[in-house]
Amino acid sequence: MDAVITGLSAGFAVAFQPFNLSLVLIGCFAGTLIGALPGIGPINGVAILLPIAYGLGLPPESALILLAGIYYGAEYGGRISSILLNVPGDAGAVMTTLDGNPLAKRGEAGRALSLSAVASFFGGTFAVVLMSLSGPALASYAVTFSPSDYVALMVFAFASLASLVGSNSVKTLLAAVMGLMLASIGIDANTGVARYTFGIPDILAGIDFLVVVIGLFGMAELIHLVEQQVTGKLKPLALDKSFVSMKDLAFTKWTILRGSVIGFFIGILPGTGASVASAVAYGTEKRVAPNSENFGKGDIRGLAAPESANNAAAGGAMVPMLTLGIPGSGTTAILLGALLLFNVTPGPLMFEQRPEIAWGLIASMYIGNVALLVINLPLVGLFARLLTIPQQYLTPLIAVLAFIGVYSVVSNPHDLYMITLLGVFGWILRKLDFSLAPVILGFVLGGLFEDNLRRALSISGGDWSILVHSGNAIMLYVLAVVVVVVPIWLGRRKKKAAEA
Amino acid sequence: MADRVFAGAILVIALLYTYIAFTVIKAPFQYDPLGPESWPKLLGIVASLCAIYLIVRPDVERLKADLGTLGRLAVVVVMLLAYGRLFEPLGFLVSTWVFCTAFGIMLGATPLKAFAFGAVTGTVGYFACTRLLELNLPAGLLNHIL
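Protein chains in written order, with this note's numbering: chain A, 1 to 500; chain B, 1 to 146.
Simulated from the structure, these hints should not be mistaken for lab results. Bear in mind the structure is a predicted one, so any value in this text is a computation, not a measurement. The C-beta atom is built at its ideal place from N, Cα and C for all residues, glycine as well. Hints may contain errors.
[As the list claims (entries may be wrong)] Sample of chain B residues at the chain A side, in silico, Cβ under 7 angstroms:
id, residue
1, Val46
2, Cys50
3, Ile52
4, Leu81
5, Ala82
6, Gly104
7, Thr130
8, Leu132
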């Protein structure tokens, strides 16, 4: 507990520095803006702005504070286009449309937006509080992990990824392996042997992380937006003067709490971010709430549950990233890659060695959540007006931002072709129902996975049984089996129940 | 069918990847039991197995895009490649101006509005990035003026 208090006070000292404080506010504001734009979600926003944040030459804690602000700001803003346009920014906001849009259609858009802002605030803050309480403990436990334990942790991470993300487990697994394969390109650090470089000097140091991220999450999204561009204009519903009442809040308080708990714990699971969390929270709420027949027709509980859950999941996903170096979602995988760009190795030692980053980030999230609530209640009209920005101007801007980012950091004109080609590849993957987040998770974790496996076998002198030698590792393998088997079992049971 | 074609392509790549892992990658001196080749071998085999599974049991029938849309997307990709090609020689300001104008028109903006939009994006973007944020962008054609 003492460690938490000293850590937090040091963190607030970092986050309250005027420069960092302004970055929190800029990040939250920009994030809400990006989230509010139809069709663009947190992962795209962070991906497109990452190289620019890197190019600015900020110290690592400031850059991370900015990017994290964009991340949870966009989770916040995503509800605006979901409610007013019925167009979710990303998979995590899909559930918000189910009850949010009917409310707006009924002329209660103001009530829906303000209630979801409060639910988001609660979910986000709940997650940060749990993060500050559990982070140091988890980190000091993880310090004891041996390389073979880390291998088990990775196996668990990829198992829960394959089991919970996407519609087809084999496709998710293949996507993750493609990421791992991409990461294996370049010179092997242990032996100096070049792998899959085919004599091309540009990729000796490996494929640039920024190029992969911008290609898969910036350019692929842009191609997708052009494809989706509807000939008829999207017309946002009008914003009215209705507002959330104390009665609404009292009515939804347990819903919000349940959503936050579900969101946080699903967020912690590697690879499963806001999309799974909000879906599970919505489903649970529908099952446990009394008089749930109005779900899907504008029940405020159906709005509060996914909104508290997806913001709690955004916080929850940060926990394994900061304490174990294993990202909990696609977006945190990008944040993890950002830390690596700054030569900071995320993991259990970060709380001790780089407390200004770990605690500074956590403290900034407390501030950011309050700031978001304050920005979102009065300024929601401004963000709503953004929805009327025509796509023909918005879409080119994404390309321009992506090009600025890649060029200003990498300064290699070939990479400008590379991002376009990766964008086409990402678009094809999406068309074929592959999720893109596992690719980036695999890409970010590839080096760590291989290093730990090789280190473990060096320790044992080539004896593979070392992988199942410790209690930690065995527990993680059991968890990996559970996370794969339980959803299959639940699915079977549901099917049987439906047939009976 | 679309799934099968894609999985087939991935299978070819994965097999090639595995083949290289088994034949080409070798350390001159083995430092650790696994060496640089074992990990790629493992990945290649897993990827090949996944691809074979998808060839046997595909679940996406068609790409669900009509020819008109695909044509538009091809035009976008060509425009992006051209933007990348001209980025350095023309400089950020001019290439962005041209790109935004063309892209805007393609997406349905009136030529005049798209032209104005391109001008604003190119000019404001250039000065905001180079002067305010101190990012590196090519000056290109306007090297002597800017």
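Comparing the hints with the structure gives:
1. Residue-level restraint check for B:Val46 holds (minimum Cβ-Cβ distance to chain A is 5 angstroms; threshold 7 angstroms).
2. Interface hint at B:Cys50: satisfied, since its Cβ lies 4 angstroms from the closest Cβ of chain A, which is below the 7 angstroms cut-off.
3. This hint is violated: B:Ile52 has a C-beta 10 angstroms from the nearest C-beta of chain A, more than the 7 angstroms allowed.
4. The beta carbon of B:Leu81 is positioned within 7 angstroms of a beta carbon in chain A (closest approach about 6 angstroms), and the interface hint is therefore held.
5. Interface restraint check: B:Ala82 against chain A, minimum CB-CB distance 10 angstroms, threshold 7 angstroms, status violated.
6. At a threshold of 7 angstroms, the smallest CB-CB gap from B:Gly104 to chain A is about 5 angstroms, leaving the interface hint in force.
7. Nearest Cβ of chain A to the Cβ of B:Thr130: about 9 angstroms, over the 7 angstroms cut. The hint is violated.
8. Below 7 angstroms, beta-carbon pairs count as interface contacts, and B:Leu132 has none with chain A, the closest being about 10 angstroms; its hint is therefore violated.
Violated hints, in rising order: 3, 5, 7, 8; the structure is consistent with all others.
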